[in-house]
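Asker: Required output: the full structure, derived from the provided sequences and hints.
Using numbering that gives the first Met the number 0, read the sequence shown as starting at 0 and increasing by one per residue.
The set of hints was computed from the structure by calculation and includes no laboratory data. As the structure is a computational prediction, the values presented were derived from the model and not from experiment. Hints are not guaranteed to be accurate.
Claimed, not checked - Only pairs whose alpha carbons sit at most 27 Å apart, straight line, appear in this in silico DSSO-like list of lysine-lysine:
hint, residue 1, residue 2
1, K236, K315
2, K240, K71
3, K240, K11
4, K71, K20
Said to hold, decoys possible - Pairwise CB distance ranges, derived in the manner of DEER restraints:
hint, residue 1, residue 2, range
5, H233, F310, 23 to 29 Å
6, S4, V259, 28 to 34 Å
7, W205, I295, 19 to 25 Å
8, V165, I10, 26 to 32 Å
9, A7, L300, 47 to 53 Å
10, G72, G43, 44 to 50 Å
11, I277, V164, 30 to 36 Å
12, S4, L101, 23 to 29 Å
Don't be surprised by glycine CBs; every beta carbon is placed ideally from N, CA and C.
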Amino acid sequence: MNNSSVTANSIKAWFLAARPKTLTGAVAPVLVGGSMAFSTGGDGIIFLFCLLFAICMQIDANFINDYFDFRKGTDREDRLGPERACAQGWITPSAMCWGILLTTVLSCLVGLIILILAVCDDFSTLINMATSEPHQFDFSSVVCPITPEGFQRGIILLLVGLFCVVFSFLYTTSLSYLGLGDLLVLVFFGLIPVVFTHYVMTQGQWSYPLLTAGIAMGLVTDSLLMVNNYRDRHQDKLSGKRTIVVRIIQLQTRRLGTEVGQQSASLISLRLYLWLGILSALFGFVTALLLGDGHIIRGLLSMLLFMGMHFATYRKMLLLDGKALNSILGATARNIFFFGLLLAFTVL
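Answerer: Dropping the structure here:
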């Protein structure tokens, strides 16, 4: 897409600010959790709302990141990553604040709907009856019985939902500067979306394969952050971001000197990217093993296919640096989405 002529606050500007390529990382774990739920009769309506919630939260986080990076001056003139809306003048700071408010409110509304559907045991059934036979359905008979189990689910989901909203603000404003991004990606792009998509779709059921699937999705999504941090390692150091890559550089330069230390740090960072893919595939296959005979062959073939894609991207990454790594960023986002599809196919 040609970004050279973007009208301020236009639809195109908001589309670019939403960073559509990042949405694959939000959607993929929901697909995995949903597939595991469908295999045990999970609710399709709740699944759609979970997808919408993940997309809204990701766009909200992107808007927050765009605004606060602009305010902090992180989007420097020597920026290597994709252009940012506020820094480029596509979205005014005041308009971005309204955008953040809108996406936050929308995320909360969708989350509230999910909460109601999860808490009320018969609510989804009533909706299905109302939509399939609207002329025969008596809307005055709609009730929402809340059992003790439903109330407990509601408390858990309310806390998780609030945690997600707080995370979207804290990660983009402060936590990413402390080097906690990788851990938070594992939790919020792996464990939480996989486990709790299944949790709400099945009225509170869970199993150990959900944990391994969540870890697999978190690790593979972290590979995207690893590419981003490796590309921006020098700029992040100047901006005060203490990412894992920056910490490795600081450690290795103290041990080996500036030039050799930076070369060693680059090699370690590249190896970390490779191992994130390997560990993702391993946890994906462990998930298949835990699910049993019908999933093992699918899991093995799916993970081998992903490893071929990941290793090909890794080999290209070895030859690139700086702005050229943006192509690796796109390839990694593609790999994450395909990994989600392959893992969803494995657990279905």
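Asker: So, for every hint listed, does it hold in this structure?
Answerer: Hints versus structure:
With a CA separation close to 25 Å, the supplied pair K236 and K315 stays within the 27 Å bound. Between the alpha carbons of K240 and K71 the distance comes to roughly 12 Å, so the proposed pair stays at or under 27 Å and holds. Simply put, K240 and K11 have alpha-carbon atoms about 30 Å apart, too far for the 27 Å limit, and the pair is violated. Note on K71 and K20: the hinted pairing holds, with a Cα-Cα distance of about 24 Å set against a maximum of 27 Å.
Between H233 and F310, the C-beta spacing of about 27 Å keeps the proposed range 23 to 29 Å intact. In this structure, S4 and V259 break the distance hint of 28 to 34 Å, their C-beta atoms being roughly 46 Å apart. In this structure, W205 and I295 meet the distance hint of 19 to 25 Å, their C-beta atoms being roughly 21 Å apart. The supplied range of 26 to 32 Å is met by V165 and I10, whose beta-carbon atoms lie about 30 Å from each other.
The supplied range of 47 to 53 Å is met by A7 and L300, whose beta-carbon atoms lie about 49 Å from each other. Distance hint for G72 and G43: a CB-CB separation of about 46 Å, consistent with the stated range 44 to 50 Å. Evaluation of the 30 to 36 Å hint for I277 and V164 yields a pass: the beta carbon distance comes to about 33 Å. At roughly 25 Å, the beta carbons of S4 and L101 sit within the given window of 23 to 29 Å.
Hint violations for this structure: numbers 3, 6, all remaining hints satisfied.
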